[in-house]
Amino acid sequence: MWHALRADLAYFRPYLLGGLGLAIGVVIIVSVVFFAVGEDGPPSHAAAGIRGMFLMMAPMIVGFIVQGLRSEERRVRLLLAGPLTPRHLAGVNVLVPIIMFGAGVLAAALMLGVDFLVTGKLAPESLHIVGYVGGMMFMMQMIGLLVQEAAAAHRQRRRRAAAAGWASFSGGVLLLAAITVAVVFLQGPNSWPTLHIGNLLVAIAAMIATVVLYTGRTDFTR
Amino acid sequence: MNDGRAEATAAARLSGLTKSFSGFQLGPLDLVLEPGTVLALVGPNGAGKTTTLNCMAGLIVPDEGGTEVYGSPVHPARTEYRRDVGYVGEESGFFQRWTTGRNLDYLAKLLPGWSHDRAHRLAERFALPLDKPVSKLSRGNRTKLALVAALGHGPRLLLLDEPTAGLDPVVRAEVLDVLWEIIEDGQHAVLYSTHILSDINRLADELAFLRDGQIVLRTGRDKLSESWRRVSFRLEEENVELAGVVEHRQVRAEHQVITRNAEATMQQLTELGAEAVEVSRMSVDEIAVQILKEGHHVARVES
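One line per chain: the protein sequences are Z and S, in this order. Oh and the first sequence: position 146 is 146 in the working numbering, straight run, nothing missing. Oh and the second sequence: position 64 is 64 in the working numbering, straight run, nothing missing.
It is worth saying that the hints were derived from the structure and are not from the lab. Note that the coordinates shown come from a computational prediction; the quantities given were computed from them, not determined experimentally. For each residue, glycine too, the CB sits at the ideal point set by N, CA and C. Take the hints with a grain of salt, since some may be wrong.
[To be verified] Chain S residues, not near chain Z, derived (Cβ > 12 Å throughout):
no.	residue
1	Val134
2	Ala173
3	His188
4	His195
5	Val240
6	Gln250
7	Val251
8	Glu263
9	Ala264
10	Arg281
11	Gln290
[Said to hold, decoys possible] Pairwise CB distance ranges (calculated):
no.	chain 1	residue 1	chain 2	residue 2	range
12	S	Phe24	Z	Leu106	45 to 51 Å
13	Z	Gly68	S	Asp212	31 to 37 Å
14	Z	Trp166	S	Asp222	52 to 58 Å
15	S	Gly186	Z	Glu72	37 to 43 Å
16	S	Asp168	Z	Gly113	55 to 61 Å
17	Z	Ile204	S	Asp212	29 to 35 Å
18	Z	Gly68	S	Ala173	33 to 39 Å
Construct all of the structure, not just a fragment, from the sequences and the given hints.
Here it is, written out as structure tokens:
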């Protein structure tokens, strides 16, 4: 599995670097604009959130593109000629976008580090906003994979699997909505951690459901 | 005892293989492919050829029944059988932006039993450009790459899904040459699906005719050629019923028939006193067309 994962990451590295390069360019422009407008611009934590969002959004989008290309190139056909089981394939399927997104998180963390070096201060709010934006994106990426698998189960007439997939999707979204609404109404010192944990829980649940659904596939032709 | 040994050594065994899609059902199929045999799976588009091969390659899980390859059950979750299977389908899953050579290097690490020497010898024999990205290869070269990829780990069973479909006549002939070279050593059992009937004559020992998801007839290529004939004759009698005839055209006293049992038809014509009898052999292509046209009817009588 690791060999297949490494190959896919090497194959799609130019996409990732291109996406990150573009995001870094945007972040530099946005930083210059914020610097130019001075105190008329957004507060520092919001500015950090906006720039971090670009850095994490790029690899997330690249992750979606990569999923499409892997499917278009029918990679599974090649991998199933070797000693990989559907569980291994599910692992590669989930880990490729996670690792790509991880590169965006790393870039956002580096940006916060540079901010700290330049300004000499780092508000906890900045960390929370960047973390929240990142958590939301990660969760959406995992939900995207889950929806893909639920649709595949539906296409393959695995009715129970499809129903379970859609139920997981709906449950995850409802849970996240409930947490977010509760946090907004009950503002408190634990608001941010609750939101982070909520995002992470839904993302992990979606990831596990994706792997389970993928493992039960009856058609690996695409 | 002998039967048990034969069962264990079958290159491929399909037992009650069934797969349903909306509006189509494949099977139940029962088929045994012996080692060293080249079996052509012949059928029109949509007959179920690709689905059969996908099930045999473990890419599709059947609804019922299953496949064994050299005694190992085929299922995506199992990996033992894959050592023995080389599959050439319409899509092979290569890294399109990587060169042919890099794809082969990748496969060398992915597939146990891969022989770098064997793969590069084949690539050289096929004149496959190793430094070109797969996306820039011609269709013929892609098929050749798929063949090298399918053969690099030394499988004993080769599954070929319409390998010459969509190729121009020159490249098609080239690919058929390559296939002939691979097959002639007799070390591979081959299941070759096609709707291009002229491929059959050259490559297949046996033919299985697939229509609407069912095998309507399985027979040896030579046996088929022996019994089918086109016969023209003069006979005044109208509405004559002839044994073995699957197609009958008549203009006044002139008749032309296609028979699947030449011996019986000729004997009957002699008894009826037919004149100017001319018998001509039919190519396997022509016979295949007749069988696929007539479907179950011909198959039932034939078997």
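Structure-based check of all given hints:
no.	hint	verdict
1	Val134	violated, 9 Å
2	Ala173	holds, 27 Å
3	His188	holds, 16 Å
4	His195	holds, 19 Å
5	Val240	holds, 51 Å
6	Gln250	holds, 48 Å
7	Val251	holds, 50 Å
8	Glu263	holds, 46 Å
9	Ala264	holds, 45 Å
10	Arg281	holds, 40 Å
11	Gln290	holds, 32 Å
12	Phe24(S) - Leu106(Z): 45 to 51 Å	holds, 49 Å
13	Gly68(Z) - Asp212(S): 31 to 37 Å	holds, 35 Å
14	Trp166(Z) - Asp222(S): 52 to 58 Å	holds, 56 Å
15	Gly186(S) - Glu72(Z): 37 to 43 Å	holds, 38 Å
16	Asp168(S) - Gly113(Z): 55 to 61 Å	holds, 59 Å
17	Ile204(Z) - Asp212(S): 29 to 35 Å	violated, 47 Å
18	Gly68(Z) - Ala173(S): 33 to 39 Å	holds, 37 Å
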